[in-house]
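Could you put the whole structure together from the sequences, leaning on the hints where they help?
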Amino acid sequence: MNKRLISLITGIVLLLIFASILFIFQVRQSEVAVVTTFGSYSRTIDEPGIQFKLPWPIQKVFKFDNRLQNFERKFEQTTTGDAKPLIIEVYVGWRISDPKIFLERFNGDVTKAEQNLESLVRDAKNSVIGQHPFRDLISPREEDLKFDDIETEIVQAIQNEAKDDYGMQVEFAGIKQLGLPESNTQKVFERMRADRQRLVKQFQGEGESRAMEIRSKAEAESTRILNQAKAQAIEIEGQAEAQANEYYKVFQENPELAELLLGLEALEAATKEKTTIVADPSTPPFNLFREGVGELTGRNRNK
Amino acid sequence: MRLEHREHLEQLEYEEIARDRNRSALFDESGADTFIARKAREQFERFFVPAFTTLLGLGQGVGVYLLWKWLPQAPMPDLGKAPLVMVTFAVFALILFMLGKYSARLAGLEKLRLLRPGGAYLLLGSVICVVVVIAFAGGWFDFVRLDFHLARILVVILGLSTIESFANLVLEIYRPRTQAKAQRTLYESRLVGLMGQPAGLVTTAAQALDYQFGFKVSDTWFYKFLERALAWLILFQLGMLMLSTTFVIIDPNELAIVERFGKPRQAGSVLEPGLHFKLPWPVEQVYRHPAKELQSFNVGYETSESDDLDRGRVLLWTATHYDEELNFLVASQEQGDGEEDQTVPVNFLTAAVPVQYVVRDFEAWSYNHSDPAKLLESIGNREVVRYLVNVDIIDIMSVGRLQAAAALKANIQAQADELGLGVEILFVGLQDIHPPVGDKTAPVAGSFEEVIGAEQEMRAKILLAEGEAAEMVPRSRGEAAKLVSQAQGASYERILTSGAKAKQFRDLIKAYQSGPDVFKQRKYYDAMASSLTNIRKYVIVPEQVDETFLLNLEDNIAYDLLGARPEER
Numbered sequence: 001m002n003k004r005l006i007s008l009i010t011g012i013v014l015l016l017i018f019a020s021i022l023f024i025f026q027v028r029q030s031e032v033a034v035v036t037t038f039g040s041y042s043r044t045i046d047e048p049g050i051q052f053k054l055p056w057p058i059q060k061v062f063k064f065d066n067r068l069q070n071f072e073r074k075f076e077q078t079t080t081g082d083a084k085p086l087i088i089e090v091y092v093g094w095r096i097s098d099p100k101i102f103l104e105r106f107n108g109d110v111t112k113a114e115q116n117l118e119s120l121v122r123d124a125k126n127s128v129i130g131q132h133p134f135r136d137l138i139s140p141r142e143e144d145l146k147f148d149d150i151e152t153e154i155v156q157a158i159q160n161e162a163k164d165d166y167g168m169q170v171e172f173a174g175i176k177q178l179g180l181p182e183s184n185t186q187k188v189f190e191r192m193r194a195d196r197q198r199l200v201k202q203f204q205g206e207g208e209s210r211a212m213e214i215r216s217k218a219e220a221e222s223t224r225i226l227n228q229a230k231a232q233a234i235e236i237e238g239q240a241e242a243q244a245n246e247y248y249k250v251f252q253e254n255p256e257l258a259e260l261l262l263g264l265e266a267l268e269a270a271t272k273e274k275t276t277i278v279a280d281p282s283t284p285p286f287n288l289f290r291e292g293v294g295e296l297t298g299r300n301r302n303k
Numbered sequence: 304m305r306l307e308h309r310e311h312l313e314q315l316e317y318e319e320i321a322r323d324r325n326r327s328a329l330f331d332e333s334g335a336d337t338f339i340a341r342k343a344r345e346q347f348e349r350f351f352v353p354a355f356t357t358l359l360g361l362g363q364g365v366g367v368y369l370l371w372k373w374l375p376q377a378p379m380p381d382l383g384k385a386p387l388v389m390v391t392f393a394v395f396a397l398i399l400f401m402l403g404k405y406s407a408r409l410a411g412l413e414k415l416r417l418l419r420p421g422g423a424y425l426l427l428g429s430v431i432c433v434v435v436v437i438a439f440a441g442g443w444f445d446f447v448r449l450d451f452h453l454a455r456i457l458v459v460i461l462g463l464s465t466i467e468s469f470a471n472l473v474l475e476i477y478r479p480r481t482q483a484k485a486q487r488t489l490y491e492s493r494l495v496g497l498m499g500q501p502a503g504l505v506t507t508a509a510q511a512l513d514y515q516f517g518f519k520v521s522d523t524w525f526y527k528f529l530e531r532a533l534a535w536l537i538l539f540q541l542g543m544l545m546l547s548t549t550f551v552i553i554d555p556n557e558l559a560i561v562e563r564f565g566k567p568r569q570a571g572s573v574l575e576p577g578l579h580f581k582l583p584w585p586v587e588q589v590y591r592h593p594a595k596e597l598q599s600f601n602v603g604y605e606t607s608e609s610d611d612l613d614r615g616r617v618l619l620w621t622a623t624h625y626d627e628e629l630n631f632l633v634a635s636q637e638q639g640d641g642e643e644d645q646t647v648p649v650n651f652l653t654a655a656v657p658v659q660y661v662v663r664d665f666e667a668w669s670y671n672h673s674d675p676a677k678l679l680e681s682i683g684n685r686e687v688v689r690y691l692v693n694v695d696i697i698d699i700m701s702v703g704r705l706q707a708a709a710a711l712k713a714n715i716q717a718q719a720d721e722l723g724l725g726v727e728i729l730f731v732g733l734q735d736i737h738p739p740v741g742d743k744t745a746p747v748a749g750s751f752e753e754v755i756g757a758e759q760e761m762r763a764k765i766l767l768a769e770g771e772a773a774e775m776v777p778r779s780r781g782e783a784a785k786l787v788s789q790a791q792g793a794s795y796e797r798i799l800t801s802g803a804k805a806k807q808f809r810d811l812i813k814a815y816q817s818g819p820d821v822f823k824q825r826k827y828y829d830a831m832a833s834s835l836t837n838i839r840k841y842v843i844v845p846e847q848v849d850e851t852f853l854l855n856l857e858d859n860i861a862y863d864l865l866g867a868r869p870e871e872r
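Protein sequences appear in the order of chains A and B. Counting from 1, one number per residue, gives the positions in the first sequence under the numbering used here. Counting from 304, one number per residue, gives the positions in the second sequence under the numbering used here.
Hints may contain errors.
To be verified - Covered stretches of chain B (chain A as the covering partner; in silico rule of three or more C-beta atoms under 8 Å from a C-beta of chain A):
id: 1; stretch: 533-547
id: 2; stretch: 664-672
id: 3; stretch: 685-696
Said to hold, decoys possible - Subject to a maximum C-alpha distance of 27 Å in a straight line, what follows is the list of computed DSSO-like cross-link-like pairs (lysine-lysine):
id: 4; chain 1: A; residue 1: Lys187; chain 2: A; residue 2: Lys146
id: 5; chain 1: B; residue 1: Lys826; chain 2: A; residue 2: Lys217
id: 6; chain 1: A; residue 1: Lys53; chain 2: A; residue 2: Lys100
id: 7; chain 1: B; residue 1: Lys712; chain 2: A; residue 2: Lys146
id: 8; chain 1: A; residue 1: Lys146; chain 2: B; residue 2: Lys677
id: 9; chain 1: B; residue 1: Lys566; chain 2: A; residue 2: Lys63
id: 10; chain 1: A; residue 1: Lys272; chain 2: B; residue 2: Lys372
id: 11; chain 1: A; residue 1: Lys74; chain 2: A; residue 2: Lys146
id: 12; chain 1: B; residue 1: Lys840; chain 2: A; residue 2: Lys274
id: 13; chain 1: A; residue 1: Lys272; chain 2: B; residue 2: Lys826
id: 14; chain 1: A; residue 1: Lys249; chain 2: B; residue 2: Lys806
id: 15; chain 1: A; residue 1: Lys249; chain 2: B; residue 2: Lys840
id: 16; chain 1: A; residue 1: Lys100; chain 2: B; residue 2: Lys566
id: 17; chain 1: B; residue 1: Lys823; chain 2: A; residue 2: Lys249
id: 18; chain 1: A; residue 1: Lys63; chain 2: B; residue 2: Lys581
id: 19; chain 1: B; residue 1: Lys804; chain 2: A; residue 2: Lys272
id: 20; chain 1: B; residue 1: Lys785; chain 2: A; residue 2: Lys217
id: 21; chain 1: B; residue 1: Lys806; chain 2: B; residue 2: Lys785
id: 22; chain 1: B; residue 1: Lys384; chain 2: A; residue 2: Lys63
id: 23; chain 1: A; residue 1: Lys272; chain 2: B; residue 2: Lys840
id: 24; chain 1: B; residue 1: Lys677; chain 2: A; residue 2: Lys63
id: 25; chain 1: B; residue 1: Lys804; chain 2: A; residue 2: Lys249
id: 26; chain 1: B; residue 1: Lys806; chain 2: A; residue 2: Lys272
id: 27; chain 1: A; residue 1: Lys187; chain 2: A; residue 2: Lys100
id: 28; chain 1: A; residue 1: Lys60; chain 2: A; residue 2: Lys163
id: 29; chain 1: A; residue 1: Lys176; chain 2: A; residue 2: Lys187
id: 30; chain 1: B; residue 1: Lys677; chain 2: A; residue 2: Lys163
Said to hold, decoys possible - From chain A, some residues computed to sit far from chain B (all C-beta separations above 10 Å):
id: 31; residue: Ser20
id: 32; residue: Thr44
id: 33; residue: Trp56
id: 34; residue: Ile58
id: 35; residue: Thr78
id: 36; residue: Tyr91
id: 37; residue: Asp165
Think of the hints as simulated: they come from the structure by calculation, not from any bench. Built from N, CA and C at the ideal position, the CB exists for glycine as well.
Structure follows, in C-alpha cells:
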C-alpha cells in the first residue's frame with residue numbers, strides 16, 4: 001500500500017481520537033452532569049449515555065455523583081433537654097437533587113458542600129437533642145425511647161434548607177455513636193464501681209446470714225435431739241426406779257433387819273473416802289484398847 | 304530571532320552594497336555603524352539574554368525548592384484512569400518528539416541556531432511524557448511509589464539544570480570571543496539537550512558500533528524497516544490497544560459491571576468471574592469490585608494488623624484488647640433515681656462486634672450509594688448503639704447475649720435492605736461484651752470481678768456452714784443415742800441389783816432370825832472393818848473427864864518437797 005495513504009489513515013485515526021475527546025463525553029449511570037456555555041448554565045443531564053458538547057473553552061462539563069452519599073464528621077458535645085451533657089455523632093445520607101444549584105453554590109466542590117451541610121447538621125442535631133430529655137435516647141423501657149423519632153426530626157430539620165439552598169436532598173440521618181464527656185465518664189465509672197461494691201457487700205452479708213441460719217438450724221436440731229435423748233433417759237431411769245422399788249418391798253418383811261442393813265450400807269458408803277473418824281474408846285471395837293482382851297475375856301467369862 | 308533575521312538581511316544588503324562599491328568605489332565605509340542590526344543583536348545578547356537566563360534560573364530554582372517540598376505529601380494519582388492517562392501522554396510524547404526533532408533539525412542549519420534550545424526543551428517535554436507513562440504503568444502493575452522516585456529524579460535533574468544555567472552564566476564572562484565560532488545561546492542547557500535526546504546517545508553508540516565493526520549498523524535492514532513501517536506500527540498498536548479492550552478477565556473474588564455508553568448493558572450487565580467479551584473501549588467499559596469476597600468491619604474497636612500477635616493469647620477484662628476500644632452507653636435499671644445529680648444514669652459497656660457480609664445485588668451495591676461499605680459501617684454502628692441504649696448491662700452480658708447477636712444481625716440487615724445496599728449480613732458476633740476497663744481511680748472491670756469473687760466467697764461460707772451442720776446433727780444424734788443407752792444400762796443395773804438385793808435380803812432374814820444378836824454384831828464389825836480400813840482414824844482416850852481436846856482436822860497433810868506446810872510458803 002502506498003506509504004502516504006497509510007500515513008493519512010494514521011493521521012485521520014489520531015484526529016478522530018482527538019475530536020472525540022473534544023466533542024463527546026459520557027455520563028455514567030451513577031453520574032449527573034451539568035453543561036455550561038461560557039460559564040452560564042446550559043443544561044442538566046441526568047440520564048446516562050453519550051453526549052455532545054462544544055469543545056473547551058466554549059462548553060464545560062461538570063459531573064457529579066448522583067448516588068446517595070454518606071456524610072459524617074464530628075463527635076460533638078451537646079446538651080439534652082434536661083441539661084445532661086452528651087457526645088453524639090450523626091451520619092447523614094444525602095444526594096444531589098438539583099445539580100444546577102449545587103454547581104452554583106459550591107462550584108461543584110463536594111468537600112465545600114459537605115462543610116456547609118455540616119453546619120446544618122450540627123445546628124439541627126443540637127436543637128433536636130436539646131428538646132428531648134436524656135431518657136428519650138437511653139432508657140431500659142422501650143416505651144420511653146424516642147431514638148428513631150429523634151433521627152427523623154434531625155432529617156426534617158435539615159431537609160428543606162438543604163434542598164432549596166444547596167440543591168442537596170437529605171434522605172436519612174442516624175446516630176452513629178453516643179458518649180459522655182470525660183468528667184462524666186469518670187463519674188459513671190465511679191458509680192458503676194460503687195454499684196458493684198454494693199453487690200460485693202450484699203453478697204458478703206448474704207453469705208454471713210445464710211451461713212448463720214444454717215448453723216443455728218443445725219444447732220437447734222442437735223439440741224432437740226440431745227434433749228429428747230435426755231428425756232428418754234430420765235424416763236428409762238424412772239421406769240427402772242419403779243421396777244427396783246417392787247423388789248425393795250421385800251424389806252417390809254423384816255423392817256428391823258432392813259434398817260440395820262441399810263444403815264450399815266450407808267455408813268460404809270459415807271466413810272468411803274477422805275474421812276477422819278474421831279472415835280471414843282468406848283465405841284466398839286475401840287473399847288478393846290481400854291478394856292483389853294483379858295477383861296473382855298473375863299467379862300465374857302463373868303457373863 | 305527577529306534580530307537575527309534583520310541581521311541576516313542587513314548582511315545581504317551589505318554584501319550588495321559592497322558589490323556596488325566595487326563598481327562605483329564611491330563610498331568606503333566599514334565603520335561600526337554600518338551594521339546597526341548586528342549591533343542591536345549584540346546589545347540584546349549582552350544585556351537581555353543574561354537577564355533572561357538569570358530569571359529563568361531563579362524560576363527553576365524556586366520550582367525545584369517548591370516541588371521538592373511538595374513531593375512527600377503529594378496524593379496518589381487516580382489509577383482508575385491510568386490507561387487513558389497513559390495513552391494521552393504517549394500521544395503528547397509523540398507530538399512533542401516530532402516538534403522537537405523538527406526544531407532540532409532546523410537548528411542544525413546555522414542561521415536558525417536559536418531554535419536549538421527550544422527544540423531541546425520540547426524533546427525534554429517528550430521524555431517527561433514518557434516518564435509519566437512509565438510512572439502510571441508502574442502504578443498499574445503495582446510498583447508502588449515508582450512515580451514518587453521518578454518525580455524525585457526529575458526534580459534532581461531540574462536542580463542540576465539550574466546549577467548548570469548559573470555556571471554557564473559565569474563561564475560566559477570568561478569565554479574567549481571568536482568571530483568564527485557560532486555562539487551558544489546562554490540559556491541552552493547541555494544537560495537538557497542530553498536528556499531531551501537520548502536518541503543522541505543511541506546515535507553516538509551506533510556510531511561507536513559502526514566504527515568498531517567496520518560497517519554501518521544504521522544501514523541495516525532492521526533500521527530501514529523501522530523507518531519505513533512507522534505509520535503501520537502506530538496503526539497496528541492502536542488496533543491492538545482497541546482489541547485488548549474487547550475482553551475482560553474477572554478474578555474469582557470479583558464481580559464487574561458493564562456499562563455501554565455509561566448505561567448498564569441491557570443483557571448481563573453483571574459479570575461473574577471468568578473470561579467475558581465486550582465491545583471495545585470507549586463503547587463499553589467495565590467496573591470491577593471484589594464483591595464476592597467476604598467483607599467485614601468492626602464496631603466498637605479499632606485494631607491493627609499486628610494486634611493479635613502483640614497482645615498475647617490471654618484476653619482479660621481488666622486490660623484493653625485493642626488499639627482503641629469504645630465505650631457504649633447502656634441503660635441503667637436505676638434510672639430516674641438521681642434527678643438532682645448531674646451524674647447521668649447510664650452504664651458503660653465495652654463491646655467488640657465484628658460484622659461480616661457479602662454483596663448479593665451488585666447493581667444495587669454499585670449504583671445506590673457512593674460508598675456503600677462506609678455506609679454499612681455507619682449502619683452497623685448505629686444499630687449497636689440503638690440496641691444497647693435499651694438493654695440492661697447484666698442482662699446483655701449473660702443471658703441476653705445470644706439474643707442480642709441475632710437481633711443485631713436482623714436489624715442491620717433490615718436497615719441495609721431499606722437503603723438498598725444489596726448486601727447479605729452473614730455474621731454479627733458479640734465477641735467481647737464486658738464492662739469497661741475504667742481507670743486507676745475507678746477500675747470498673749476489676750470491680751465486676753470483685754462481685755464474682757464476693758459471690759464465690761458467699762457460696763463458700765454457705766457451704767462451710769452446711770458442712771458444719773452436716774457434722775453437728777449426726778453427732779448430736781450419736782450423743783443422744785449414747786445418753787439413752789447409758790440410761791438403759793443404768794436402769795438394767797438398778798433393776799438387776801435391786802432384784803439381787805431383794806433375794807439376798809430374804810436369805811439374810813433367815814440368818815438373822817437364827818441368831819439376831821450375833822448377826823447384828825457380825826454385820827456391825829464387818830461394816831466397821833471395811834469402812835475404817837482405808838481412812839484416818841483418831842481414838843481419843845480421856846483421862847480426865849473435864850479435859851478438852853482441840854483437834855485440827857483440816858486436810859493439811861500434803862507437805863511439799865521442802866517439808867514446809869502450804870501456809871508457810
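Taken at face value, is the distance from the CA of lysine 840 of chain B to the CA of lysine 272 of chain A at most 27 Å?
Holds: lysine 272 of chain A and lysine 840 of chain B sit about 13 Å apart, inside 27 Å.
With a cut-off of 27 Å on the C-alpha distance, tell me whether lysine 187 of chain A and lysine 146 of chain A pass.
It holds: about 25 Å lies between the C-alpha atoms, which stays within 27 Å.
Need the status of pair lysine 785 of chain B, lysine 217 of chain A: alpha-carbon distance at most 27 Å?
Between lysine 785 of chain B and lysine 217 of chain A the Cα gap is close to 22 Å, so the pair holds against 27 Å.
Against the 27 Å threshold, does the CA-CA distance of lysine 74 of chain A and lysine 146 of chain A hold or violate the hint?
The given pair, whose Cα atoms are some 22 Å apart, holds under the 27 Å limit.
For a C-alpha distance cap of 27 Å, please report whether lysine 806 of chain B and lysine 785 of chain B respect it.
31 Å, violated
Cβ contact check, 8 Å cutoff: the stretch 664-672 of chain B against chain A, three residues minimum:
holds (count 4)
Compare the distance between the alpha carbons of lysine 272 of chain A and lysine 826 of chain B with 27 Å, and conclude whether the hinted pair is satisfied.
Holds - the C-alpha atoms of lysine 826 of chain B and lysine 272 of chain A are around 17 Å apart, at most 27 Å.
Does the claim that serine 20 of chain A lies outside the interface with chain B hold up, using a Cβ gap greater than 10 Å?
8 Å, violated
Against the 27 Å threshold, does the CA-CA distance of lysine 806 of chain B and lysine 272 of chain A hold or violate the hint?
Given that 27 Å is the threshold and the Cα spacing comes to 25 Å, the pair holds.
Holds or violated: lysine 712 of chain B to lysine 146 of chain A, with C-alpha atoms at most 27 Å apart:
21 Å, holds
Is lysine 384 of chain B close enough to lysine 63 of chain A, meaning Cα to Cα at most 27 Å?
15 Å, holds
Would the hint linking lysine 677 of chain B and lysine 163 of chain A be met if the CA-CA limit is 27 Å?
Given that 27 Å is the threshold and the Cα spacing comes to 24 Å, the pair holds.
The structure does not agree with the numbered hints 5, 10, 15, 21, 27, 31, 36 stated previously, though it agrees with the rest.
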